[in-house]
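Engineer: Now for the letters of each chain:
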Amino acid sequence: AQKVTQAQTEISVVEKEDVTLDCVYETRDTTYYLFWYKQPPSGELVFLIRRNSFDEQNEISGRYSWNFQKSTSSFNFTITASQVVDSAVYFCALNRGGADGLTFGKGTHLIIQP
Amino acid sequence: ETGVTQTPRHLVMGMTNKKSLKCEQHLGHNAMYWYKQSAKKPLELMFVYNFKEQTENNSVPSRFSPECPNSSHLFLHLHTLQPEDSALYLCASSRGGLSSYNEQFFGPGTRLTVL
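Chains E and P, in that order, give the protein sequences. Converting from the first sequence to the working numbering requires adding 1 to each position, the first position being numbered 1. Converting from the second sequence to the working numbering requires adding 207 to each position, the first position being numbered 1.
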């Protein structure tokens, strides 16, 4: 069985601070995919990144960066110089690839205060 | 229209009603999904369709009945629901098959309230 744990239920920081959202996963599969999604108050889940189990390169996209470490089964997400628009619930998810359903963590509610 | 659309956006129904949720994707994808998001539980997968064939039913009660007439449309037929079925129902699509580009794109959801 697959499992995703996001231990941080809620994080509140002041604008311009850096913030890291933790994600730990469990799977018995050797091939798997990890994802991050953002859910703003409007409710729609917005895809941020996909990573497969064979690619441990960290990725940076603007103020966003992701740190994938198979040794600790973690896929953490860092926002640098946070902005109020980053306020949302962020979900980490996992699947086996192809048309496999996603297993989601419980989400981390990120609040960026002006 | 672009992306994934869902109608209606809000639905209030009684326990004896029959209603349907509709999802349409304009991304040329071949896989479609239903998820349920309630206050008490994390996002839960309900059903998966890959090239119009149902490939996963995540132990969903029979009062929820999915239908996928083609790769662009997905329905969720509802009947005799319970108040605990009140939730946000999200539809998603992805390329499908064995594609490694398997990120799922979500619609805005239908907020369902069962009285």
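Hints are computed from structural coordinates only; laboratory data are not their basis. Keep in mind that the hints are not guaranteed to be accurate.
To be verified - Computed Cβ-Cβ distance ranges for the label pairs, DEER-style:
{"no.": "1", "chain 1": "P", "residue 1": "A246", "chain 2": "E", "residue 2": "S13", "range": "38 to 46 Å"}
{"no.": "2", "chain 1": "E", "residue 1": "N68", "chain 2": "P", "residue 2": "T223", "range": "49 to 57 Å"}
{"no.": "3", "chain 1": "P", "residue 1": "Q261", "chain 2": "E", "residue 2": "K17", "range": "30 to 38 Å"}
{"no.": "4", "chain 1": "E", "residue 1": "V14", "chain 2": "P", "residue 2": "N264", "range": "14 to 22 Å"}
{"no.": "5", "chain 1": "P", "residue 1": "V219", "chain 2": "E", "residue 2": "V14", "range": "46 to 54 Å"}
{"no.": "6", "chain 1": "E", "residue 1": "F48", "chain 2": "P", "residue 2": "P215", "range": "22 to 30 Å"}
{"no.": "7", "chain 1": "P", "residue 1": "S245", "chain 2": "E", "residue 2": "A8", "range": "16 to 24 Å"}
{"no.": "8", "chain 1": "P", "residue 1": "E263", "chain 2": "E", "residue 2": "Q114", "range": "37 to 45 Å"}
Positions of the beta carbon are idealized from the N, C-alpha and C atoms, including for glycine.
Engineer: All hints are to be evaluated individually against the structure, with a verdict given for each.
Structural biologist: How the hints compare with the structure:
1. P/A246 <-> E/S13: 38 to 46 Å: For E/S13 against P/A246, whose Cβ atoms are near 20 Å apart, the range 38 to 46 Å is violated.
2. E/N68 <-> P/T223: 49 to 57 Å: Given range 49 to 57 Å: holds, Cβ gap about 51 Å.
3. P/Q261 <-> E/K17: 30 to 38 Å: 48 Å, violated
4. E/V14 <-> P/N264: 14 to 22 Å: Between E/V14 and P/N264, where Cβ atoms are some 41 Å apart, the hint is violated.
5. P/V219 <-> E/V14: 46 to 54 Å: Taking Cβ atoms as reference, P/V219 and E/V14 lie about 37 Å apart, which means the hint is violated.
6. E/F48 <-> P/P215: 22 to 30 Å: The hint (22 to 30 Å, Cβ to Cβ) holds, given that E/F48 and P/P215 are roughly 24 Å apart.
7. P/S245 <-> E/A8: 16 to 24 Å: With Cβ atoms ~21 Å apart, the hint holds.
8. P/E263 <-> E/Q114: 37 to 45 Å: 41 Å Cβ-Cβ, so the 37 to 45 Å window holds.
Comparing the model with each numbered hint stated earlier shows that hints 1, 3, 4, 5 do not hold.
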